[in-house]
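Student: Given next are the chains, with one letter for each unit.
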Amino acid sequence: MNTGGYNFAYLDEQTKRMLRRTILKAVAIPGYQVPFGDREMPMPHGWGTGGIQVTAAIIGPDDVLKVIDQGADDTTNAVSIRKFFAKTAGVATTTRTEDATIVQTRHRIPEKPLHEGQILVYQVPIPEPLRWLEPRETETRKMHALSEYGIMHVRLYEDIATHGRIATSYDYPVQVNDRYMMRPSPIPKFDNPKMDMNPALQLFGAGREKRIYAVPPYTKVKSLDFDDYPFEVQSWDQSCALCGAGDSFLDEIITSDRGDRMFVCSDSDYCQDRQAARSKEAAE
Amino acid sequence: MYVSVKGGEKAIEAAHALLAEERRGDPAVPELGLDQIAEQLSLGVARVMSEGALYDRELAALAIKQARGDLVEAIFLLRAYRTTLPRLATSLPVDTDRMAVRRRISATFKDIPGGQVLGPTFDYTHRLLDFDLAQPSAQGDAARPSGEPAPARPLPSVARILGEEGLLEREVPGDDAAPVADLTRAPLSFPAERDARLQALARGDEGFLLALGYSTQRGYGRNHPFAGEIRMGDVTVEIQPDDLPFTVEIGDIEVTECQMVNSFKGSKTKPAQFTRGYGLTFGHGERKAMAMALVDRALRCRELGEEAVGPAQDEEFVLYHCDSLEASGFVQHLKLPHYVDFQSELVMVREMRKAAAEAAPKAEAAE
Amino acid sequence: MNQITLQNLAPGFQDPQLDSQLVFRTALQALARPGQIQTLDRLPEPPAPLGAAAAALALALCDLETPVALSEDLRGATFDYLAFHTGAPLAATVGAASFVLVGNGNHLPDLSAIDFGDAEDPERAATLIIQVEHLEAGPGQRLRGPGISGHIDVRVDGIADAFWDALKLNRKRFPLGFDTFLVTGRSVLGLPRTVILDAEEA
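In order, the protein sequence lines correspond to chains A, B and C.
For the first sequence, position 263 matches number 263 in the working numbering, and the numbering has no gaps at all.
For the second sequence, position 60 matches number 1060 in the working numbering, and the numbering has no gaps at all.
For the third sequence, position 21 matches number 2021 in the working numbering, and the numbering has no gaps at all.
Excised from the complex, chain A in its bound form:
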């Protein structure tokens, strides 16, 4: 395919400057959604155009990029995005979490702890935590301005009244630095605790909705809950069928049309490292 000549990391310099200014303001106001002038990207909205624009604005030739979708490096869209940056920015890519300077993700936070200096870029479909409760942006902007988050607490309380628990299992709302309510993107609530006081910088890009937000390193991120109904994460009775991990988020795989199933790590890098360590042990 002949695609002619595009700029480094695809975006023109003026667009990158606009994005960079937006990102700096996002970092200065943790959890607040900063509007920005979204550009059409050469992949559809919904495929991660927000995350891609954030990555394109920050990435440089010395960066090492990891891209995951559903925790895995080998899902088709992760492959596609990694290839896009390898082609347009000529950067090195990796699947190893600890080797990456930038990790772009859809729907997961890696199992291995992130370290200082790393940047985690989330692809965000709907950035507004109050959106299902109030569809109007004009209203939700006011609610954020006034820290008027009562409707969310009422909704969570109604969950408890109806179901005996908070019936939200992913995209579970958080409060950042005791101020802004924030949507963590559709990560499982299993990953929410990893956001709290994380040494890495977390950036969130929502292209179609034209918002960028951030959680600086070492910043308090609290999952909403009640004293008598504290926040808790998913757990499984099984452990990973491939690496034996009992502490990771597991995908359920249907293995036969009789409904046989097995559970494996959603984080492919974490799982492969553990498998390699196991076979090394076995060999010794």
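Hints are computed from structural coordinates only; laboratory data are not their basis.
Even glycine gets a Cβ: it sits at the ideal position worked out from N, Cα and C.
Treat the hints with care, since some could be wrong.
Derived Cβ-Cβ restraints for the label pairs, each shown as a range [to be verified]: (1) C:Leu2064 to A:Thr255: 53 to 63 Å; (2) C:Asp2041 to A:Asp225: 41 to 51 Å; (3) A:Ile160 to C:Ala2096: 47 to 57 Å.
Computed cross-link-like contacts, SDA-like style, restricted to lysine to any residue with a CA-CA straight-line distance of at most 20 Å [said to hold, decoys possible]: (4) A:Lys87 to B:Lys1065; (5) C:Lys2168 to C:Ser2112; (6) A:Lys142 to A:Thr162; (7) A:Lys87 to B:Lys1354; (8) B:Lys1354 to A:Met43; (9) A:Lys220 to C:Ser2149; (10) B:Lys1065 to A:Pro42; (11) A:Lys142 to C:Leu2176; (12) A:Lys87 to B:Tyr1124; (13) A:Lys83 to B:His1016; (14) C:Lys2172 to A:Arg179; (15) A:Lys112 to A:Tyr229; (16) B:Lys1010 to A:Ser80; (17) B:Lys1065 to A:Met43; (18) B:Lys1010 to A:Thr94; (19) A:Lys222 to C:Gly2150; (20) A:Lys222 to C:Phe2116; (21) A:Lys83 to B:Leu1336; (22) A:Lys142 to C:Phe2116.
With chain A fixed as given, assemble chains B and C onto it according to the hints.
Tutor: Quick look at chains B and C alone, frame taken from chain A:
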């Protein structure tokens, strides 16, 4: 033994190869040239240019060819290309009064200065399949009937005629020096001004605007429209270079303009008069221009003191949902993997069912 | 563009694309890790009294869309330099500026006049770039807040005490408030509006 799926890259490459093959179709059939698309599928090209927000027939034709005739996909291709182009200048507003008109009709007056010019329209065709077109015409170009010649003199617009009598609200000229909203640089904010709204509608999906415009006619925010004038033809685009005392013509573009005239009984702040809705497209895009004019007028409810009761009057609803790239992307992204979220829901639903099952016998025992 | 003398057109970045990216990443790190002094690798050669670090930030972040305000000592040659390299317009007032550049931290403009944003648009608030004499890790100001694990101490020489008072007020205004880069030589210190000054313990 289960092995996690690998080879995403190979799968993508294979999909691209299949796509190229499907695009070409049967190699025994001659390949489409861009000139054929630009000349013979010109209304498709016009729509792609309009909603793709780039006036370039050849690139629009290329996009249509690459998208296998899927116009929404072609619009996406053109937009993604457009966004990488440098901005060299801002044009002056085009003067549609000086249009070299090829079609011009008014539904509000039987005769108007300059006359009604029917031009190339489907309006009075009988929608019968013309089987003669199934075969290439034997006469070739010689068979082309000459259309009505474009009048050389400018035709004053119907809006201007009504305006002189004070019956039609005046379009207050904006401050030419003031910057015009540009949604491609800064996101929408509300309340949105008319410049931003018109830009969003001009880029908006024709099908969505058509349905919304239609809904106003059926009572969801009725605004009593008359097609004051629809005109189509070529207009000249001019720029004013910095520090030069004259303007420079950079070319002609074909556009379709619709001035919808809406009767208005007045409000506390405004006397009874006719109000306007405005639509403009690149190329010949009459259906879109009319739908856009209806929706533009509906969205002016706030400034005219009308109660917003229909979806077409709801600024956030219309402007946040009219873009085909955004809508198509988000609807279709549902086919991307969501198994982490689904697994989270599975775990929760199972837990809730287990809790319910444990609670049920106890409840029975208690009774 | 009005009379810009050649002497004012000192060099900008050697490689605008890549230098901007690196400078931005340093600025990002500075704002994400308040109190941690960062070092700029790629520096332009601006006309004095504009220093290389302040110039680097301005060249990386300013353009046609960002009105800048300049302290009095920076008017003239500095503005010509910035206008030529970034196209940024001069703000009509300090309050209309997206970026406020201060040549000497001992002579601050009225920090209550700058744009703090408003409750629905806190991101509109201005960014200050202030040249100081010296930045060093160690006892001086003790900082807390997002981006800081526990607390961090930093010594700043060459900034009026009024700045620290304004910073305390700034914190009370959150989420409104200005964000600051203090610069000297190759060094950049970020002080986003979230920074909490812990004066008593310093």
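Student: Each hint should be assessed against the structure and marked as holding or not.
Tutor: How the hints compare with the structure:
{"no.": "1", "hint": "C:Leu2064 to A:Thr255: 53 to 63 Å", "result": "holds, 59 Å"}
{"no.": "2", "hint": "C:Asp2041 to A:Asp225: 41 to 51 Å", "result": "holds, 45 Å"}
{"no.": "3", "hint": "A:Ile160 to C:Ala2096: 47 to 57 Å", "result": "holds, 49 Å"}
{"no.": "4", "hint": "A:Lys87 to B:Lys1065", "result": "violated, 25 Å"}
{"no.": "5", "hint": "C:Lys2168 to C:Ser2112", "result": "holds, 12 Å"}
{"no.": "6", "hint": "A:Lys142 to A:Thr162", "result": "violated, 29 Å"}
{"no.": "7", "hint": "A:Lys87 to B:Lys1354", "result": "violated, 50 Å"}
{"no.": "8", "hint": "B:Lys1354 to A:Met43", "result": "violated, 42 Å"}
{"no.": "9", "hint": "A:Lys220 to C:Ser2149", "result": "holds, 11 Å"}
{"no.": "10", "hint": "B:Lys1065 to A:Pro42", "result": "holds, 17 Å"}
{"no.": "11", "hint": "A:Lys142 to C:Leu2176", "result": "holds, 14 Å"}
{"no.": "12", "hint": "A:Lys87 to B:Tyr1124", "result": "violated, 53 Å"}
{"no.": "13", "hint": "A:Lys83 to B:His1016", "result": "holds, 14 Å"}
{"no.": "14", "hint": "C:Lys2172 to A:Arg179", "result": "holds, 13 Å"}
{"no.": "15", "hint": "A:Lys112 to A:Tyr229", "result": "violated, 28 Å"}
{"no.": "16", "hint": "B:Lys1010 to A:Ser80", "result": "holds, 11 Å"}
{"no.": "17", "hint": "B:Lys1065 to A:Met43", "result": "holds, 18 Å"}
{"no.": "18", "hint": "B:Lys1010 to A:Thr94", "result": "holds, 18 Å"}
{"no.": "19", "hint": "A:Lys222 to C:Gly2150", "result": "holds, 18 Å"}
{"no.": "20", "hint": "A:Lys222 to C:Phe2116", "result": "violated, 27 Å"}
{"no.": "21", "hint": "A:Lys83 to B:Leu1336", "result": "holds, 17 Å"}
{"no.": "22", "hint": "A:Lys142 to C:Phe2116", "result": "holds, 17 Å"}
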